[in-house]
Amino acid sequence: MVQLEYVRKFILKDVNLHIPEGMAVGLIGESGAGKTTLLKLVSGLLVPDAGRVSTMGHDPGHYRKRYGRAFSAYFTGIPLLEPQDTVRSGYEGIASVYQMAPSVFVREYSMLTERLGFGEYQNQPVEALSLGQRARVELGAALLYRPRLLVLDEPTVGLDQEAKQALRDLLKERVEQGMTLLISSHDMNEVSHLCGRIALLHKGNLEFYGDQEQLHWQYHSFHTMQMRILGPLPDLGDIPFQQYQIEGDRLTLVYSSNYITSAEILQQIMGQTSITELVIRKADLGQVILRHSKAFLE
Amino acid sequence: MNLKPYIAYARKSFLMRSAYRFDHIMQILSTCLQIFIYWEIYRSLYGSSIEVDGISFGMVTTNFVLSLGFSAGFYVNDFYLPQKIWDGSLVTELLRPISFRGRMLAENIGNGVFSMLFRFLPAFVIGVVLVGICPPESAAALGLFLVSAALGYGVLWTISFAVQMTAFWLVNIWSIVTIKNVCINILSGSMIPIWFMPEWLRNLIDFTPFSSIYFTPVQIYLGQLSGREIAGKCLLQVVWIVCMYGIGSVLWKRGQRKLVIHGG
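First to last, the protein sequences are chains A and B.
So for the first sequence, my numbering puts the first residue at 7; every next one is plus one.
So for the second sequence, my numbering puts the first residue at 57; every next one is plus one.
Hints were generated in silico from the structure; no laboratory data involved.
Worth double-checking, as some hints may not be accurate.
Stated by the list, open to error - Selected chain A positions facing chain B (in silico; Cβ < 8 Å):
#1 49
#2 51
#3 67
#4 69
#5 79
#6 83
#7 84
#8 85
#9 90
#10 99
#11 103
#12 108
#13 192
#14 281
#15 284
#16 286
Keep in mind that this is a model prediction, so the values were computed, not measured.
A virtual CB, placed ideally from N, CA and C, is assigned to each residue, including glycine.
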């Protein structure tokens, strides 16, 4: 569906990436890592200085208009709707451009107003809406004609928790129905819930591309285990932990799953004492990125 | 080519304009005032003379009623593209499966039809009642006048189209638009009829597209041109439309290239 071969543009350096049809890919990395540049290259809004970009089998720089209904993109801060249009008339305009049948438009529009919750202000001009309301209607506009490939750049900016959840559910559904999604976001929760694959950019280099398990394994394999001990404190001498903390009868261990598994630790501890409560946490995507960025800064 | 989206855009812009009623009334009033002031000035200048350089007072009055009426009715939005560059929505336009230039034209036609119906016509009727104008030379002259007026609008729009494209490089084109509008106001004959300009200036104006906007239709209306001259002048209008659209299109392609290479 999307292919980048040795692509160079602005900060991006020799980026190789292949996104199969129906895959949801989360593009993550610090600000200025080249995420928006990559999305604009895929959309045909930028042409590479070197290398090749192929979107739906074509050079997007030359063929972007021919994708028609198959492609949609949303870049934060770039309006999809005319400010003076009402929400409804703006959507009707998009339906006309993308040649949606009236019955299909009514069905999709009703579904989006309900799911994204903008029915209340659908007759107001877009320019009169708040930032959050505007983000809802703009995102709905990007989804209106059911594209096969959807590119989203920081879609959750300005959205409240309810709208974020509604968008996440909607996107998940579309991906399950076969839509390909390329999304950049600083909201790691969103990326981790939506995306089967993660592309990690750092200063223009594609540092990682794969699934979340691989990312954890490669960049942040540290787990946290918390337990409540009933008997004597166990001897931790043989456990290759990163750090530990004892507060009363509570023990917290931080360890790398690359060196020891949770089961092995439990086996050692339970051989010496009894435990009542147990919580094991993997680092979330945000911590992975934080650690990754720190590692590079160091 | 599917025309539906373009028709929808033209219709939408027509309806949007109808929302600003007070502005239209003021515009009609402004045009009528201009007509009346020019009429008074030329009436004083003519005094008791019937003709000046072979041009009667009636012809002069007809020139500015038609020219000023058209300038109120020929709607162009010189900041259509710059606005889209400023707010970033040009990116959205580039991704849509329709021609942006087609959309520009469609929206201008929608606005233009509105302006002709609700600005030109009222101002024209009031002007005719207030100061009176010469009747058209013949029914054929009236028909050809309408054709030439449509081409005149084409010239005006394509000049604006080409000027707007400079926004890719200049970003703020306010001063260029002002210069363009001054040239149109003076060199199109709407303020000072081209008949009264010195010969060297008349010759110079012949090499510009400005006289094709208002003055050519007025000359046809007044029967000042022979059949051959009418064909020549209308052909010249078409040539100007093609030239200005060609220049604008080259700039549009280069501007898009600039955007996709350097970002924007």
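Practice prompt. Check each numbered hint against the structure and report the violated ones by number, ascending.
Written response: 4, 12, 13, 14, 15 and 16
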